[in-house]
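Novice: Model the full structure from these sequences, guided by the hints.
Here UniProt numbering is used: the first residue of the sequence shown is 1, the next is one more, and so on.
Honestly, I wouldn't trust all of these hints.
Unchecked claim - Here are the simulated distance ranges between beta carbons:
1. His647 - Asn390: 15 to 25 Å
2. Glu366 - Met239: 38 to 48 Å
3. Glu473 - Arg184: 47 to 57 Å
4. Tyr695 - Pro20: 20 to 30 Å
5. Gln360 - Phe287: 45 to 55 Å
6. Ala33 - Val423: 16 to 26 Å
7. Val423 - Arg74: 29 to 39 Å
8. Leu224 - Phe287: 51 to 61 Å
9. Asp181 - Arg59: 32 to 42 Å
10. Arg59 - Asn322: 17 to 27 Å
11. His647 - Asp100: 50 to 60 Å
12. Glu366 - Ser685: 22 to 32 Å
13. Thr645 - Arg270: 54 to 64 Å
Source of the hints: derived by calculation from the structure; they are not laboratory data. Ideal placement from N, C-alpha and C gives every residue a C-beta, glycine not left out.
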Amino acid sequence: TRAVIGPPVPSKGLSFCRRPGFGTVGARCVVKANHFLAEIPDKDLTQYDVKITPEVTSRCVNRAIIAELVRLYRESDLGMRLPAYDGRKSLYTAGALPFDAREFVVRLTDEDSGTGVPPREREYRVVIKFAARADLHHLRQFIAGRQADAPQEAVQVLDIVLRELASQRYVAIGRSFYSPDIRRPQRLGDGLQSWCGFYQSLRPTQMGLSLNIDMSSTAFIEALPVIDFVAQILGKDVMSRPLSDANRIKIKKALRGVKVEVTHRENVRRKYRISGVTAQPTHELIFPIDDQMNMKSVVEYFKEMYGFTIQQSHLPCLMVGNQKKANYLPMEACKIVEGQRYTKRLNEKQITSLLKVTCQRPREKEMDILQTVHQNGYDQDPYAKEFGINISEKLTSVEARVLPAPWLKYHDAGKEKECLPQVGQWNMVNKKVINGGKVSHWACINFSRSVQETTARGFCQELAQMCQISGMEFNSEPVLPIYSARPDQVAKALKHVYNVALHKLKGKELELLLAILPDNNGALYGDIKRICETDLGLISQCCLTKHVFKISKQYLANVSLKINVKMGGRNTVLVDALSWRIPLVSDIPTIIFGADVTHPETGEDSSPSIAAVVASQDWPEVTKYAGLVCAQAHRQELIQDLYKTWHDPQRGTVTGGMVRELLISFRKATGQKPQRIIFYRDGVSEGQFYQVLLYELDAIRKVGCTSYFLMYMF
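Specialist: Printed below as a string of structure tokens:
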């Protein structure tokens, strides 16, 4: 008997409410969406398990093995089928292969490992074994509206088919593909450039199955000669003098893990991965050339072996291979291999440059997306043809409504008590915040060497005045004179100011710390926030040097609004909230939660994921929010601490967690227990949707929320 991937279990054990209808408010219009409708085949697809021996961890190598297998055996053993492969354990065909299970032998020359060992031919044994039929009937039923749940497994198979050709053509990163040929790369500085790419995902929609395409950009290491790359990193010419220890360490960090190819051997372009940089310049380096420990200098070796004269012998060599037996390569004989994504943190200047590249007007973006669809040529895609998938080349037209902006309520002491935003914009002219916070005790630390004390004092006075104009009670004078400190002494400076203020205030605590930061401040901002929030329990507001020198009323107004919220005030509330007119919120005490998980960037294998949960702390206004943050397992999407239990020696088993803390906080703030919970959850892929939903819904219920109306939204 053959297994069949059938329909999902109805509603996965949950009963979802049916949509009651469609909205009618607002001016009707038609918009274009970056979705391209897809037609799917009537036939079912077949899934096979793939086992490669010896096991390979690289998707690229796996794909190369299967590509070679298809090239060798498609006509003889595969019945002319053109399979799609997920790069791991599964292979799909449009119809069954002529066998249920078979072993193939594939020989492939290793991709250059970068260790200095010559590439060699390796033999792989590939077992392809029937797993299941991917049933598309239920997907068609879902698209026709006759089935409640999207059969995610079937959608995933078709998505893999449509990604197959792009995986061969472009550099794949997550769900996106990048190439220097899509649009000319733009320099970001320090040896980096932005590559344009596109995001691609097949989605079930109300109009049917559609291919979602969007433009994206990310940073790649520029394929430069290594010496040019080093010059960009250091911001100076490196041809004339040796590197200082500080500069050598800087380029060592920048180059470690980067793949380079040698340029001194004519047509032989061996590739290596950099493991480090030598402490000595090239002209001082010697190494054993035989077991008798006869030594030879690197300069002599390259001259005798390759006829290559090293010109920049004052520079260190690149170290490649393992640390015990490192090989030395002169910088001038190496070039960075194209197509390496930069996975470290960008500096502020690079982020700004990348944002300029990605910021596009709608018309420009539309043209780029259409051009990408045309370049991808889905109508000529051999895999799409094989599986009978047709993709429209036209953007989907969608009926839309422009909703009216909500009226905002401000304090009655201002000239303008209510405001209607125009095209999503409004300002604070003639308005006062509806609830002003109070700041009696504040101080300022200046971490910017270029800002003089008089300039910093003038800025603080202007900011204090703006806070007062906005409706806050803000003391014009700081507790202490402005304190200047070096960025590398941030912890010492923060604790010094905090303790001096504590002594001067005779036990009363500092309420707000203003911090003036250099424009390029590296880790300083994060250090200030971490120390203030976790060590001192102190609210902080950071301001950049450029804003201190060029004081603008708009900037000061924006900062004053941030300070007001941090100090427990509220800037504005919805008129409809005060009039008890918000559906599903105003009728009974309601708390609104929001949750998301932020994961570390690719390449950061040990960093934790960060879960954040916020919840409203007022009703019926639902304007004021409290937040909790916790670290959890690396790349774990389920929020672990929504509900938790632990053993206390005195109290026994204790229950708690983020939801419970925020519910208690709501009750303290409002004086009542919420009767309805609305929970917004962001950042969950369709593949993890039900897993996250079931786990987190269960966690919320365990807190004791079974008597509440619970609305969980993605």
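Novice: All hints, please: hold or fail.
Specialist: Now for the hints, and whether the structure bears them out:
| no. | hint | verdict |
| --- | --- | --- |
| 1 | His647 - Asn390: 15 to 25 Å | violated, 60 Å |
| 2 | Glu366 - Met239: 38 to 48 Å | holds, 47 Å |
| 3 | Glu473 - Arg184: 47 to 57 Å | holds, 54 Å |
| 4 | Tyr695 - Pro20: 20 to 30 Å | holds, 28 Å |
| 5 | Gln360 - Phe287: 45 to 55 Å | holds, 52 Å |
| 6 | Ala33 - Val423: 16 to 26 Å | holds, 21 Å |
| 7 | Val423 - Arg74: 29 to 39 Å | violated, 57 Å |
| 8 | Leu224 - Phe287: 51 to 61 Å | violated, 27 Å |
| 9 | Asp181 - Arg59: 32 to 42 Å | violated, 22 Å |
| 10 | Arg59 - Asn322: 17 to 27 Å | holds, 24 Å |
| 11 | His647 - Asp100: 50 to 60 Å | holds, 53 Å |
| 12 | Glu366 - Ser685: 22 to 32 Å | holds, 26 Å |
| 13 | Thr645 - Arg270: 54 to 64 Å | holds, 57 Å |
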